[in-house]
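Construct all of the structure, not just a fragment, from the sequences and the given hints.
Its first residue numbered 4, the sequence shown is counted upward by one per residue in this note's numbering.
Quick caveat, the hints were computed from the structure, so don't treat them as lab data.
Since the model is a prediction, treat every value here as computed from it, not as a measurement.
A few of these clues could be false.
To be verified - Ranges of calculated distance between the beta carbons of each label pair, as one might list FRET restraints:
| hint | residue 1 | residue 2 | range |
| --- | --- | --- | --- |
| 1 | R8 | P59 | 23 to 29 Å |
| 2 | E73 | V44 | 16 to 22 Å |
| 3 | H31 | V95 | 29 to 35 Å |
| 4 | L9 | S129 | 17 to 23 Å |
| 5 | A93 | S30 | 33 to 39 Å |
| 6 | L36 | V126 | 25 to 31 Å |
| 7 | S129 | G79 | 17 to 23 Å |
Every residue, glycine too, gets a C-beta built ideally from N, C-alpha and C.
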Amino acid sequence: MNWFRLELPARPENVALVRVAVGSLASHLDFTLGEIEEIRVAVSEAFSNVVLHAYPEEGGAASGGTVTVEARAGGGVLEVSVSDRGVGIADVELARRPSYTTRPDRMGLGFVFMETFMDEVAVTTSPGHGTRVVLRRRLPVRNGAPSDGASGDERAGT
Numbered sequence: 004m005n006w007f008r009l010e011l012p013a014r015p016e017n018v019a020l021v022r023v024a025v026g027s028l029a030s031h032l033d034f035t036l037g038e039i040e041e042i043r044v045a046v047s048e049a050f051s052n053v054v055l056h057a058y059p060e061e062g063g064a065a066s067g068g069t070v071t072v073e074a075r076a077g078g079g080v081l082e083v084s085v086s087d088r089g090v091g092i093a094d095v096e097l098a099r100r101p102s103y104t105t106r107p108d109r110m111g112l113g114f115v116f117m118e119t120f121m122d123e124v125a126v127t128t129s130p131g132h133g134t135r136v137v138l139r140r141r142l143p144v145r146n147g148a149p150s151d152g153a154s155g156d157e158r159a160g161t
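Right, here's the structure in full:
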């Protein structure tokens with residue numbers, strides 16, 4: 004089992020750092036490059052949603068708003084948790100609906116991308132206290148058996 008924990012300011016420029024860290028960890032499993040990119044997109048959406056929505060009145064990182072990203076890879080599963088201590092989500096079911104947004108300049112597709120690219124998306128929230136989004140992706144079965152080691156030209160790192 005390999006893992007990491009990052010605590011970062013809720014700033015847009017930190018999305019790239021999180022994408023690199025999660026992509027690197029995912030490459031330790033036998034995900035294809037395309038699958039790693041899907042995972043990176045899902046995690047980017049989770050992190051970006053914190054930057055955009057968790058600390059709106061406090062000015063995000065300008066007032067100390069932080070995002071904690073924890074990731075674990077092992078046993079054929081990648082799990083990534085993105086959490087904040089922000090305003091929380093008033094209605095999770097509504098927030099998960101395609102095209103729902105609280106900001107007219109946004110498309111409201113963050114949860115759609117997360118749910119499309121990950122096997123599981125779990126959300127726990129407490130209005131006024133923060134939100135935690137847990138994303139899980141299992142290695143797919145390849146050639147009739149679970150994939151457990153890097154092989155083939157399409158695998159990350161080859």
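Here is how each hint holds up against the structure:
1. Evaluation of the 23 to 29 Å hint for R8 and P59 yields a pass: the beta carbon distance comes to about 25 Å.
2. Between E73 and V44, the C-beta spacing of about 19 Å keeps the proposed range 16 to 22 Å intact.
3. Separation of H31 from V95 is about 31 Å and conforms to the stated range, judged on CB atoms against 29 to 35 Å.
4. For L9 paired with S129, a C-beta distance near 22 Å keeps the hint of 17 to 23 Å intact.
5. In this structure the supplied range 33 to 39 Å holds for A93 paired with S30, their Cβ-Cβ distance being about 37 Å.
6. In this structure the supplied range 25 to 31 Å holds for L36 paired with V126, their Cβ-Cβ distance being about 28 Å.
7. At about 32 Å, the beta-carbon gap between S129 and G79 misses the expected band of 17 to 23 Å.
Checked against the numbered hints given earlier, the structure breaks only hint 7 and satisfies all the rest.
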